[in-house]
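Q: Read off the chains here:
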Amino acid sequence: MKSLLIIFLGAIAVLFFGIKRPERKSLPIALLVLIAALVFIPLDWIAFIHKHVPDWQIKYVPTNMLSWDTPALAFSGVLILAAIFVLGLFSKNKLHGADLLGLMLFSVCGGLLMTSFSNLIMLFLGIECLSIPLYVLAGSRKSDLGSNEAAVKYFLLGSFSTAVFLLGCAFIYGGTGSLDLDSLARATNMLGHMGIKSQLVMAGLLILMVGMFFKIAAFPFHFWSPDVYDGSPNRATVFMATVVKIAAFAAFFRLFHYAFNDIKGWWAMTIAVVSAATILFGNIAALRQQSMKRTLAYSSVAHAGYMLMAILASPFDGFWALLVYLVAYAFSSLSIFFLLDRTSNGNEGFSFDNFNGFGRTNKFGSLVLVIGLFSMAGIPLTAGFAGKFGLFNSIIGTYPWLLVIALLGSAISIAYYFKVFKNAFFGGEQQGTKLELNLMDTVMLGLAVLVILTVGIWPTVITGLQIIPAP
Amino acid sequence: MELILIPILSGLIAAWAGKWSRWIALLGSIITGVLVVTLWSQFDPTKGFQFIFDKPWFSSAIHFKTGIDGIGLLLLLLINFLTPVILLSAFGKDKQSLVFALIVAMQGALNGVFLALDGLMFYIFWELALIPIYFIAGMWGEGDRFKTTIRFFIYTFIGSLGLLASLLYLYSKTPDPSSFSWEALVAVKLSVKEAIAVGAGLLLAFAVKIPILPFHGWQPKTYVEAPSFGSMLLSGIMLKMGLYGLIRWFMPLVPEALSFYNPIIVTLGIAGVIYGAYIAIRKKDLKGIVAYSSLSHVGLIAAGIATLSFTGLQGGLLQMLSHGVNAVGLFFAIDIIERRLHTRTLNQLGGIAKVAPLFSVLFIILVFGATAVPFTNGFPGELLLLKSIFSFHAWQGIIAGLTIILCAVYMLRLFQFSMFGKANNDQLTSFGALQWHEALGMMVLVLFVVFFGLFPQTLLDISGPSIQQLQQVIEQSKEVLS
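Protein sequence lines correspond, in order, to chains A and B.
The numbering of the first sequence is our numbering, which starts it at 1 and goes up by one.
The numbering of the second sequence is our numbering, which starts it at 1 and goes up by one.
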């Protein structure tokens, strides 16, 4: 709650402060705002566990709209952390004032609404609040055609999918008479127990799912994502790959586990099939790309497929698996995109050749590269493995066939992730681009690697946290 | 625990240590070796798993659990004996520090594989062991190394994923509170159909690693194109992961499916014996010969293990050790030749024996070991293996017996054409004496060949009781089923 307020007010402050100043001057403020917001996550967590929610919060906050329970706080924490890294690591924009920073902060606000909504209206608001700044961010390199294309595509498809989502909400409302998560849960519980097949609810569920599939870029609703990822400026791309993915999955998970868990039979199979198709399609398409940025875009489609498994799993297992996976995915994406950004020397050619001879020139850089790619590929002792293991473990009992497909997908993914190693390490004596790292870059990259390894070696640092209520 | 940590840590230090890295790596490796020997001195063969270390790791169900029984101890001895030798073989000053770091890190990962008593931990180290060798083969290999290494990696990775799937399935069947420990996974009862499916996943991982015949596609090229120390790691140590997996993780976990799988493994193993030997006879590249002979040898070992008889398992273990030593020795010798003469094609060599008598004596002993001449380490293992296969099925035993002849053909061909005869290489005169680290490495290996050719019983005594216990475990599970 406090985090949301801080970021919202901070965003406005950053906008005003940055009217006449270049972006790099406002950056520390934006970072401070995010860090302050992050500090309140564990405080709220403890307060929630000990039931010390302050009076004013109960009195003035409409509690049936947002609920800051521990799962919501967990996802919010990861989201804010990812936003900090995006802002801290990525190349600064020289053309603009602080407006892009402000947009990103507003977008994070939308993300926080999506992690903690308890009413479908709030979810809708969150999605809009998250997406609208992104449309602008995608097009923020105004003179570049690709960026403009990305913005238009993202805007058209994004707003269309939001409309579809809204239609789904309307159907659900028609079928159950409610938009509140708790009442929805009661209504679906009744439907489930009495064995009534409500056509309205079923249609609504399907449409809701389509809307969410658009947002997370799952097959067959993924086709916007490679173009948008490719065309957008790097900072916007990595923002979409991390913050937006976290928010969308947190929302998807919350919606389906809180509201529709009792009618799982109605939707589970659809998600399982979509998950399998997404994994296969994303990985196979990624194999055939020449541009590394597009490869990563398709691989993020594949990752979405894996994360869909969490929606299928039992709430408890699914929650932990999803959380670990999101952490792994966010931090490995951050480190790989960072290296890609810095090796491209300002031009926008993102072929694998950027990394030629990279290993000979940069020791620390190659460590980051190796750990990041290992985590993406799910090699043990990195966070990516802990996440994949959690997901696989949570569905093995119910969907063994999906597990087989997911494993096949992991095997395929090796082929394109490791292509980078060929350029970076196996190229003989060639010298590569020297990475210029300032202190902040080094610290943040080091932290990212540390997070990946720590979560990989002791996933209990995350899964050992106490959560109530069990989602 | 420390057997895993010391090598990995010394690897980490060595990676950043510049010119000291080879000494740091060697030191770490030897300390680990000494630790294994001290464990050996405290080891009691009759007691089953010992030196248990058990701490919750990923969750309450997944532990960091290590323990040693006779089977594991033998393999630990092998690894921690061979890794220093491999380090010595690479000891020249021209190598990057990363070489030594990766070799010694691999020692740690492999120790983890052979110590693990928890399914997931086994899987994790199984995967980790793959990574150093991937970089070694990719960074210092020759030819089209990227294609070769990625093929190697994808082959083994798909296998590992099969392993992961099977372990996960078994885990989901363990009674509450579910656990990944070896005992819990062994205790799971499956229907025959399930067992065959689960066994397929496990076998995929092990068969690729061993490699058993239709899964060997990655092996010869990887061996030939990897740098010599990489080939040594692969053939000397990594193959043993697959064979060990067969003994420790395949047979006890899916005893229900053994009557289905064992004849298949025996047949494929023997097919590998003949196939590998046939190609080895026709190869001209020294490394190629050893690579295919390796395929032939491990085929025999896998077949012997799959007979599930006491002699078969004992012979298999013994042969795993001696094959490890011999293969490392042969690659070592080839490396010495190649470093001096810059070729390893058979018809460009010859006459080396005249200029390097010490080297040729050491080399011929290793060749004898590989050919299983009596009183070398290859003999007792091969004898036991053939005996077990013969009593499993007489005809298969006879076909497998051909290995003795075929092996003599290609091994002696390798030695004769490279060492004797007319000199075909103008650099031969500058062959020179062995450097100290080369001589030391070779001598240690040769000592092993001779000593355990004379006293194989010292090794057999370590593993005997453990193998009986393992057989009991398998028998019990079978009885419950029927």
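I should point out that these hints are in silico values taken from the structure, not numbers from a laboratory.
Don't take each hint at face value.
Facing chain A, according to a computed beta carbon distance under 10 Å, are these residues of chain B, among others [as the list claims (entries may be wrong)]:
#	residue
1	K47
2	F49
3	F53
4	L120
5	I124
6	L130
7	M139
8	I150
9	F153
10	I158
11	G162
12	L164
13	S172
14	P175
15	V373
16	K478
In silico DMTMM-like cross-links for lysine to aspartate or glutamate, where the CA-CA straight-line distance does not exceed 25 Å [said to hold, decoys possible]:
#	chain 1	residue 1	chain 2	residue 2
17	A	K363	B	E142
18	A	K2	A	E149
19	A	K422	B	D426
Over 12 Å on every C-beta distance to chain B, these chain A residues come out as not near it, computed from the model [as the list claims (entries may be wrong)]:
#	residue
20	K142
21	L145
22	E149
23	L167
24	T398
25	G427
26	T460
On a predicted model such as this, the values are computed, not experimentally measured, just so you know.
Beta carbons are placed, not taken as given, at the ideal position from N, Cα and C, and that holds for glycine.
Q: With reference to the structure, classify each hint as holding or not holding.
A: Evaluated hints:
no., hint, verdict
1, K47, "violated (31 Å)"
2, F49, "violated (23 Å)"
3, F53, "violated (16 Å)"
4, L120, "holds (7 Å)"
5, I124, "holds (4 Å)"
6, L130, "holds (9 Å)"
7, M139, "holds (5 Å)"
8, I150, "holds (6 Å)"
9, F153, "holds (6 Å)"
10, I158, "holds (5 Å)"
11, G162, "holds (8 Å)"
12, L164, "holds (7 Å)"
13, S172, "holds (5 Å)"
14, P175, "violated (14 Å)"
15, V373, "violated (41 Å)"
16, K478, "violated (25 Å)"
17, A/K363 / B/E142, "holds (23 Å)"
18, A/K2 / A/E149, "violated (37 Å)"
19, A/K422 / B/D426, "violated (36 Å)"
20, K142, "holds (40 Å)"
21, L145, "holds (34 Å)"
22, E149, "holds (34 Å)"
23, L167, "holds (39 Å)"
24, T398, "violated (10 Å)"
25, G427, "violated (9 Å)"
26, T460, "violated (7 Å)"
Violated hints for the displayed structure, listed by number in ascending order: 1, 2, 3, 14, 15, 16, 18, 19, 24, 25, 26.
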